[in-house]
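K.L.:
Line order of the protein sequences matches chains A and B. If you're matching positions, the first sequence starts at 8 in this note's numbering and goes up one per residue. If you're matching positions, the second sequence starts at 45 in this note's numbering and goes up one per residue.
Hint data in this document are derived by calculation from the structure and do not stem from the laboratory. Take the hints with a grain of salt, since some may be wrong.
One-sided excerpt, in silico: chain A residues whose CB lies under 10 Å from chain B [as the list claims (entries may be wrong)]:
id, residue
1, Gly-24
2, Glu-28
3, Ile-51
4, Ser-126
5, Tyr-127
6, Leu-214
7, Thr-215
8, Ser-244
9, Glu-268
10, Asn-368
Don't be surprised by glycine CBs; every beta carbon is placed ideally from N, CA and C.
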Amino acid sequence: MSTPEAGDEPGGENVTGERPEAEPVGVTEETTVHEEDVELERTIGLVGGLAIGIGTMIGAGIFVFPGLAASEAGPAATLSFAIGGVIALLVALPTSELATAMPRSGGGYYFISRTMGTSYGAVVGLGLWLGLVFASAFYLVGLGHYVVAVLAEIGVSITGLPVGPHVLLGLLFGIALTALSVTGTENTASLQNVIVVVLLVILTGFLTYGVLDATGLFGRESVPEAFFSQGQLPVLSTAALVFTSYLGFAQVATVAGEITEPKRNLPLAMVGSVLIVTLFYVVTIFVATSSFGAERLGQFGETAMVEVARDLLGRPGAVLILAAGLLATFSSANASILSASRSVYALSRDALLPRWASRINLQYGTPHVALGMAGGPILVLVATGQVEVLAEVASFLHLVLYALMCVALLVVRRRDPPWYDPSFTIPGYPAVPVLGAVASAGLIAFMELASIAIGVAIMALSYLWYRYYATDIRLKGDV
Amino acid sequence: MSDRPAVLVPIRVLKGESIPDGVPELLADAHVVLLGYHVIPEQTPPGQARMQFEEQATARMDELESLFEDAGATVERRLVFTGEAQKTIDRTIYEHDCLAVLVPDAVVALEDVLVAVRGTVGIDRLARVVSGLFANADADVTLYHVAGESESDADAETLLSGLADRLAESGVDPDRIETRIERDRKPLAAIIEASDTFDAVVMGESDPSLATFVFGMPAEQVAERFLGPVLIVQRERPESE
């Protein structure tokens, strides 16, 4: 099979007559080059890329899920997280290869639309945007829980509200974060780097102590418990639930157009952040289930880690983990809002969303419409306060994306168009992308029916939008 | 002319920053690398800014380019959307092998130029910039050196006369070259004070040190206080050439 030359340049127009932007003529280590000597500087280095990946991921898995996961899968929740990590890695590798061949804004959406065609791209792109919206809403509800816990720790309890206090706080933070991004405080990314480093230091210290304690080094017996206390099947359904904790490496891909030395830094940032985060998750769940036992852990809910820390280190431990939880959920929500805004930009660039969606605010220089298209729906979702459903829908949409990214790699390798020249090629082809696709799609089967239904509905609506709005759009690589 | 020194002229193209009067004439004999850049906050992807502003920026660049071409310079241009202006400027200096960077400021009539000479390091590049730009101009060139404590007057004179000879060889009229040596002063303060009576300043970029992190590069401090244009001769970049 060979790609017709005509398919290599974008064309066609949408309902309102807008056309996709021309593709850049080249990519260097420091820039994206367009015609007429116009360049886009790449300014995010390896550390920044890792910080986006780790910063997005480390929040949910450690600070929201341990309680939920333990109550569903028992101590085997450790295994659930490990499974999630392996699947994430199976997808992160193909994503890295695609990213080094196409280091452009939009990440997964870009890869799929350029290798499998505009219709797939549209469904995935809109799905990615909304998936990030669901993920951010989930992180914000988690953040709300942490603020409530902090207030409880200092003796303040909020009562008498029509909604839960964590929902109200989540809404407030959602508004604040969106406003912060729009009014354009500088150094939000550098702040992210600092937050991630502080977070990793706190966690490393805490987990080291926890592991020593759990293995009985301090003379304390860990709670004896059957590993598969809830049976084996919940291990997989829990893996599906907690997969939200691994969505961060896709966020690295959404800023692929801004990463320096993309050929080296993109694979390192994506694969590296998955490995680091998986390690932290597995150890965390091990420590958490060892100190309390799964059942009591489950009763503590979203802020179970605080009780684990209190148990291990007393009140200072609780305060430390509360602080870390605030930082982590904050940085996850922040990174997801920014990524969602970049997805909107990528879609608008390709005329799959109106061009005005990527307008830039003249006063602040920020994409206020795109940020609003992230922040607005996020608030609606936060208002529902449904942590598990939000997490699962986000997982569902991302799993579809991941499965298709693996397929995209298989497709593009088969077709081998002249422009496809990745500098990083994955080991274990075709086994790795095939396994990645099967595993991603397989996890979906273990989800709640309601989440699958919402996810499918979003994809169906996305497809209808594409048919209505942009049927004629032809993107590079479209056949 | 083949030995036109490449001079970078960075302009924040959409912020109304312009080329001040006299600058195109100052660089008439240069190979101008015109860098139009637009700084965007981190939450804005550069591509998004390009979509919205490219047309406007390109039109502005056309105007600026013709200003320099009309004065006689050769011009190469770049339009960059960036989150980090300094990174963009550094990269452009490196990629185009620019000898000097211009910090633009108005100059009414170019009559005398102050050339701050630090030492033998980088003197070759300094000479290439001064002779390339001013060999055909009518301006007087004053070679200025603040001698260090361990440096004898003879050493300082050798340094400056060596440079003067070299400039004369490259076509600068020897009658227009003057030398001036000072001592017992902090070089930076001395240069700033001396620059008062000149129309333009040429000086070297200094090595980054702890003090430059705190107070900024000396050349930048001069550029801030001096009212005319400052040409900052760049250190040799590693791996360049």
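K.L.:
Does each hint hold? Answer for all of them.
P.N.:
Going down the list of hints, with the structure as the test:
1. Gly-24: Violated: closest Cβ of chain B sits about 16 Å from Gly-24 of chain A, beyond 10 Å.
2. Glu-28: Where the cut-off is 10 Å and the nearest Cβ of chain B is about 6 Å from Glu-28 of chain A, the hint holds.
3. Ile-51: 8 Å, holds
4. Ser-126: 23 Å, violated
5. Tyr-127: For Tyr-127 of chain A, the interface hint is violated, since the closest Cβ of chain B sits about 22 Å away, which is over 10 Å.
6. Leu-214: 31 Å, violated
7. Thr-215: 33 Å, violated
8. Ser-244: 36 Å, violated
9. Glu-268: Interface hint status for Glu-268 of chain A: violated (13 Å vs cutoff 10 Å).
10. Asn-368: 9 Å, holds
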